[in-house]
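With chain A held as given, fit chain B onto it using these hints.
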Amino acid sequence: MRDQPEQQAPPVQRLRVRYAKRGRLRFTSHRDFSRAFERAVARARVPVAYSSGFHRHPRISYAGAAPTGAASEAEYLELGLSQECDPAEVRRSLDEALPPGLDVLDVVVSAGGSLSDLLEASLWRTRMPDLGAEDAQEAVAGFLAVDEVLVERMTKKGLRSFDCRAAVVRLAVVPEGPEGSEGARAPAGSGTCAILEMVLRHGTPTVRPDDVLAGLRSTAGLDASLAPTHERLAQGPLDTEAGTVGDPLVLNRDTA
Amino acid sequence: MPSTTAPVESVFPRLEPLLATVQKPIQYVGGELNSTQKPWDAEDGSTRVRWALMYPDAYEVGLPNQGVQILYEVLNERDWILAERTYSVWPDMEQVMRVHGIPQFTVDHHRPVRAFDLLGISFATELGYTNLLTALDLAGIPLHAVDRGDEDPVVLAGGHSAFNPEPVADFIDAAVLGDGEEIVLAISEVVREWKDEGRPGADGRSPREELLHRLASSGAVYVPRFYDVDYLPDGRIRRVAPNTPGVPWRVHKHTLMDLDSWPYPRKPLVPLAETVHERYSVEIFRGCTRGCRFCQAGMITRPVRERSITTIGEMVENGIRRTGFEEVGLLSLSSADHTEIGEVAKDLADRYDGSNVSLSLPSTRVDAFNVTLANEFSRNGRRSGLTFAPEGGSERMRKVINKMVTEEDLIRTVATAYSHGWRQVKLYFMCGLPTETDEDVLGIADLAKKVIAKGREVSGRHDIRCTVSIGGFVPKPHTPFQWAAQLDHETTDARLQRLRDDVRADRSVARAIGFRYHDGRPGIVEGLLSRGDRRVGAVIEAVWRDGGRFDGWSEHFSFDRWTAAAEQALAGTPVDLDWYTTRERGYTEVLPWDHLDSGLDKDWLWEDWQDALLAGTDPEADSEVEDCRWTPCYDCGVCPQLDTEIQIGPTGQRLLPLSVV
Numbered sequence: 002m003r004d005q006p007e008q009q010a011p012p013v014q015r016l017r018v019r020y021a022k023r024g025r026l027r028f029t030s031h032r033d034f035s036r037a038f039e040r041a042v043a044r045a046r047v048p049v050a051y052s053s054g055f056h057r058h059p060r061i062s063y064a065g066a067a068p069t070g071a072a073s074e075a076e077y078l079e080l081g082l083s084q085e086c087d088p089a090e091v092r093r094s095l096d097e098a099l100p101p102g103l104d105v106l107d108v109v110v111s112a113g114g115s116l117s118d119l120l121e122a123s124l125w126r127t128r129m130p131d132l133g134a135e136d137a138q139e140a141v142a143g144f145l146a147v148d149e150v151l152v153e154r155m156t157k158k159g160l161r162s163f164d165c166r167a168a169v170v171r172l173a174v175v176p177e178g179p180e181g182s183e184g185a186r187a188p189a190g191s192g193t194c195a196i197l198e199m200v201l202r203h204g205t206p207t208v209r210p211d212d213v214l215a216g217l218r219s220t221a222g223l224d225a226s227l228a229p230t231h232e233r234l235a236q237g238p239l240d241t242e243a244g245t246v247g248d249p250l251v252l253n254r255d256t257a
Numbered sequence: 084m085p086s087t088t089a090p091v092e093s094v095f096p097r098l099e100p101l102l103a104t105v106q107k108p109i110q111y112v113g114g115e116l117n118s119t120q121k122p123w124d125a126e127d128g129s130t131r132v133r134w135a136l137m138y139p140d141a142y143e144v145g146l147p148n149q150g151v152q153i154l155y156e157v158l159n160e161r162d163w164i165l166a167e168r169t170y171s172v173w174p175d176m177e178q179v180m181r182v183h184g185i186p187q188f189t190v191d192h193h194r195p196v197r198a199f200d201l202l203g204i205s206f207a208t209e210l211g212y213t214n215l216l217t218a219l220d221l222a223g224i225p226l227h228a229v230d231r232g233d234e235d236p237v238v239l240a241g242g243h244s245a246f247n248p249e250p251v252a253d254f255i256d257a258a259v260l261g262d263g264e265e266i267v268l269a270i271s272e273v274v275r276e277w278k279d280e281g282r283p284g285a286d287g288r289s290p291r292e293e294l295l296h297r298l299a300s301s302g303a304v305y306v307p308r309f310y311d312v313d314y315l316p317d318g319r320i321r322r323v324a325p326n327t328p329g330v331p332w333r334v335h336k337h338t339l340m341d342l343d344s345w346p347y348p349r350k351p352l353v354p355l356a357e358t359v360h361e362r363y364s365v366e367i368f369r370g371c372t373r374g375c376r377f378c379q380a381g382m383i384t385r386p387v388r389e390r391s392i393t394t395i396g397e398m399v400e401n402g403i404r405r406t407g408f409e410e411v412g413l414l415s416l417s418s419a420d421h422t423e424i425g426e427v428a429k430d431l432a433d434r435y436d437g438s439n440v441s442l443s444l445p446s447t448r449v450d451a452f453n454v455t456l457a458n459e460f461s462r463n464g465r466r467s468g469l470t471f472a473p474e475g476g477s478e479r480m481r482k483v484i485n486k487m488v489t490e491e492d493l494i495r496t497v498a499t500a501y502s503h504g505w506r507q508v509k510l511y512f513m514c515g516l517p518t519e520t521d522e523d524v525l526g527i528a529d530l531a532k533k534v535i536a537k538g539r540e541v542s543g544r545h546d547i548r549c550t551v552s553i554g555g556f557v558p559k560p561h562t563p564f565q566w567a568a569q570l571d572h573e574t575t576d577a578r579l580q581r582l583r584d585d586v587r588a589d590r591s592v593a594r595a596i597g598f599r600y601h602d603g604r605p606g607i608v609e610g611l612l613s614r615g616d617r618r619v620g621a622v623i624e625a626v627w628r629d630g631g632r633f634d635g636w637s638e639h640f641s642f643d644r645w646t647a648a649a650e651q652a653l654a655g656t657p658v659d660l661d662w663y664t665t666r667e668r669g670y671t672e673v674l675p676w677d678h679l680d681s682g683l684d685k686d687w688l689w690e691d692w693q694d695a696l697l698a699g700t701d702p703e704a705d706s707e708v709e710d711c712r713w714t715p716c717y718d719c720g721v722c723p724q725l726d727t728e729i730q731i732g733p734t735g736q737r738l739l740p741l742s743v744v
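Protein chains in written order, with the working numbering: chain A, 2 to 257; chain B, 84 to 744.
If we strip away everything but chain B, and leave its shape as in the complex, we get:
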């Protein structure tokens, strides 16, 4: 963060003549509707805290990201804070920028990222790590945090992947866990105070280290450099401990209570470029306590906090008016679980009856689906396909993962859907779950065949379809499966092949069942990055130096590059790619993220893991975990540990028709 007062100039005049030579130049020019334009310096000369917010993927993926949009707005609402956005540039643009010496820039004002006080990066997935390195390098910020000086921004990671930031610990200065709305403001306060004091160092610390120390000593921000990791001779972690006085042993996650008082985004960004989500999305609740054991999102976002029907109604109306989007998505981890979802659906459908506004409800559980609800959602506009996620192909598998949906539930639900005119149903499954056998995966085919048979029976038609999407399971930190061995990619691919052959062999249904799946190799890299420790940083850097970019894109991803880099970077250590991925961990092992507190009690997670294994061997085992929204608390630890509580309705309110202006 430069202490000089030299004006920060836009790189746009240098960029503009080059834009005609790159793909989709509109993604680099900014000027989105509802974006904020602020001068670099405050008019009254008061201190400004300046954030560059980055989503480390292409603009078309990054722009719709809710997290970045919310923080961009929350920060810019303060007159003493300026926030601009930056995204990953495509390789053709990276080349042009390198040739012409143009640094990583923000799209709002085309200011160089290095000129900001903070660079905040939202990691929704670990596959963005190489893109972080590209951005740092293009920005002229040293890749390694230890090499950075007082002129460099504080590089801060957030998002779900930040619950284990150890693989990128060398490259970031700090990480925050959990909801960002309040903590970004708290961090801004600390930076402002430090700048107002004249950017002091203290106790032998450089000014930069002093700022990081102030952030770390609050217990709200994790600063990896203040923690040392020791290893056992066999490669496991011996201990993670603070190396500086005043730094806490554990760093806790942030939980936003009362979503109604944070109705963001209020000014949703509307890009000119085409993006992956062309709709206005309202988060109807945060958190999920269904307790699916594979689901990191459900574990790290507890407890459930609902938005009220009234606030949802206001946000939808405001969002449509401000964007012109015709589709509204009601987002959450399991949207039909909102206590007043029926009222929300009916009242919104009534309000927008006859207009072109359509509603969608992603993430619906099989057991929460009902036709009345689905009909409300398709009242205007077209009837989209229905998607359900049984996740496991066999009853046994679903018990292991605690996704308590029976085959009868599923068949009954799809029968209802097909008999009410839906012709297409999508089913999501995972492959590679703990204790899984070939038979469990072949169970997916049985299920799909039964779905088709039932659909044909109740609809009296032959042209109904069922699409089966399969994702490879990747064990994630802070879940009961954090100790599990990941399935090797060869076995994953073999099981998927058998499944495919099995469906194809049955000519009566082969054409009615579609398959969507990826090979198992990207999942192994995701597994390495998810449960890796600080030693994995060298692998990420080696991949990046070899040209690795955009690992979430199959056309850019190279498994061979990752395996070669892992071999090279981990040579001479007791650990390797398999050690990080396909190895099962034991109870006593120190996990790389144990010092990062998601609120979940580690012993509770372990017991739940044991229950899962028991459910896999004993069909009579009572290992089901109910949802604490409607059964008593089972002590996962989050609420008492973080002083939070479940916030749900019903409120009993209804939405009134909008008066025509």
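Bound-form chain A, shown alone:
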């Protein structure tokens, strides 16, 4: 009979990684990304720890991945290592091993606790081509005036109906900002474009910007044929009073 596989040692260091999905690589699905990331870890020769068992897998845990097609400046994962490493060096080597568009922005040593617990809410920016700012303004006001907006989404368990209003902490039409990345840039040649910013509280089911747009359509009759693009600008602890999203890695930096 086969021997039981050797037990793997627990990780000696946990790193928290912030990365971005930009440009055409925003079409990378979460499964695609995790496979690409594992290969990048191998190419960069980062000493990742492995799980025990017959089917060993690298100790990487992902939190709150953005939907396929949405760009993001604020995706997070945690990496368990079998040897201690310099976070700055890991950031550099992982970023080099990943294709441009999947960019490693920040790596810090974990302060412990659960990463996903820190990811309470997200700040999203949505571009709606061919929509005037005034029409958008009106639709937003109508949406915010009600307490509940039921929308439907096809999930793995079938068509599901849920409220998309309660998760919206903040929703506003904003002027074109300088800080947006190329991910959510309007397609070339388009004219008018309304930009929405929204802070969405994470929950079950997770309300996505697309669900809020569906809500805007149902409350304000916005044209459903628009091709909006979404970009996550931040993800982290929610300041309910201010309606802002903080940096989930700030704690780690303080203790490091």
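None of these hints come from the bench; they were simulated from the model.
Check the hints yourself; a few may be wrong.
Unchecked claim - Computed list of chain A residues with no C-beta within reach of chain B, every gap over 12 angstroms:
1. Val13
2. Ala146
3. Glu153
As the list claims (entries may be wrong) - Have a look at the derived ranges for each label pair, beta carbon to beta carbon:
4. Arg668/B <-> Lys157/A: 50 to 56 angstroms
5. Gln178/B <-> Asp131/A: 19 to 25 angstroms
6. Ile61/A <-> Asp571/B: 52 to 58 angstroms
Quick reminder that beta carbons are idealized off the backbone N, C-alpha and C, glycines included.
Using the frame of chain A, we list chain B on its own:
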């Protein structure tokens, strides 16, 4: 190939807003690790030769294809050549592209395929033919070669199916046979020279025809339009002859010698999308002379040319470092036959001991298997199942196909495997082989039952399994079985049903034996396309016009569509679907591919076919063909005809441990 110098624009800005509406959009965006990005025009203004390389199936199947990856790299290494890749788009994307007027594009730079000088398509299987038509149509390239003008690329077919390109002769401008590494460069030279001369016509030929004539007159490229096919009243071919001066009667295949000097892929593509093969593959040798009579790959890739252990070691290390893949496949038609496979396995296993790199060895013959080897391959990572291919269920059947594996060999091998801890063995067989009877197929059940009984005996366990996979036999050009009648799909299905019932009826083993098989109908269409002639082109076109796409996918394949199209397109001719498939051919018949030279001597193939038939009736007949790697040459014709030779080890070299950097 447009002569204008207008910039070729990317279609991506138009595509991007639509990507959110299609399945798996990542397959259309490119940006793979190790892909090459080149500007359209050379900076110094010198002539560029531009290739669009296509694998005519979905990205997830096409991207890992070794042939396309190798040619992509070989071409792009030249600074005067640009090569980009394109794949078949799924029907949802095709719809979106038609609605929005987006042409077939390359994934590298999203450039329209029609803007390239050449469109090279690799046909590993005939079932990609309808996808060729979709791509041409989406690209805005006329479907029929005769309708194309100087603005259209040269459409060039390669891959194993190109050894009989007649069914697609109307749709392609040219075809090449055999290894592509050198011929793509030779073709590029011809195109460059012609472009440098200002794209001339000559002798009454248009510029496009002149280029095709230059390619054809070399004898290295087959240009169907320069050959006329005449038919006999009964539908058989009377003659295939050149219709233009300077074009040779026969076109020969290309054989790459010295694989060590072509260690590709050096920069293996790593996709973001999930694909069918998530591993780095090294071809450890090309060709096979085991002489299995059904095997087209073994016949058309002769002679055997090995890569040395040293080069294999370098390629594995480079491949792992450049890709991050943790699985390495050592590819060939029969990998355990490499003269130094034991050393390769042990040294690689030593090198990567304790890491997560695992090795796999697809295509292992029963008689070449040994436990030491298998243990080396499972040293890191998990122990995968073992797969053997006896192909025929009875001893008689295996003699007919020249797969000389005895029942004792097989039982001994699986006994060894089960006693060393393997619990699962897979066995591959074929159904519909020449001279096959119901009893031969039922022999598969007997064999599987004996395997289970032996496994239980030697392992002392009850939970061992054996999976039986059965494929329908399709006679292929350039093999001894090219004259054989294909078994009709009704009989195929009936035999498989009997086999299944037979195993199910035996409760002691029913749960231990698994079955994998497909019905016989797709095999009939594959048979039509494999041994078809130019008249089959009309059938392919009718199927495509009726919506036929992705015929290799069971969820897209429609047998009824093919039979209806064959009836319609072949009406008024003396031939039909059965004529192409279930009809046995005679010695004197001109076969559609006789003017395409694989190096094999047609008389040798015929004698081997006769030997097969003899082996089927006379158990004492001495009709076995040995392997010319370890017995004297039996004059199949390839080496003298094509001026090639067997290139095998042993080299006596060993792999040293890698020094830690």
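Taking the hints in turn, this is what the structure says about them:
1. For Val13/A, the shortest C-beta to C-beta distance to chain B comes to about 18 angstroms, beyond the 12 angstroms cut-off, and the non-interface label holds.
2. Distance to chain B confirms Ala146/A as a non-interface residue, since its nearest Cβ pair spans about 29 angstroms, more than 12 angstroms.
3. The beta carbon of Glu153/A sits about 18 angstroms from the closest Cβ of chain B, which is more than 12 angstroms, so the claim that it is off the interface holds.
4. One distance hint, 50 to 56 angstroms for the beta-carbon pair Arg668/B and Lys157/A, holds here, with the actual separation near 53 angstroms.
5. Separation of Gln178/B from Asp131/A is about 22 angstroms and conforms to the stated range, judged on CB atoms against 19 to 25 angstroms.
6. Range check, Ile61/A to Asp571/B: about 53 angstroms between beta-carbon atoms, so the 52 to 58 angstroms window is met.
In this structure, every one of the numbered hints holds.
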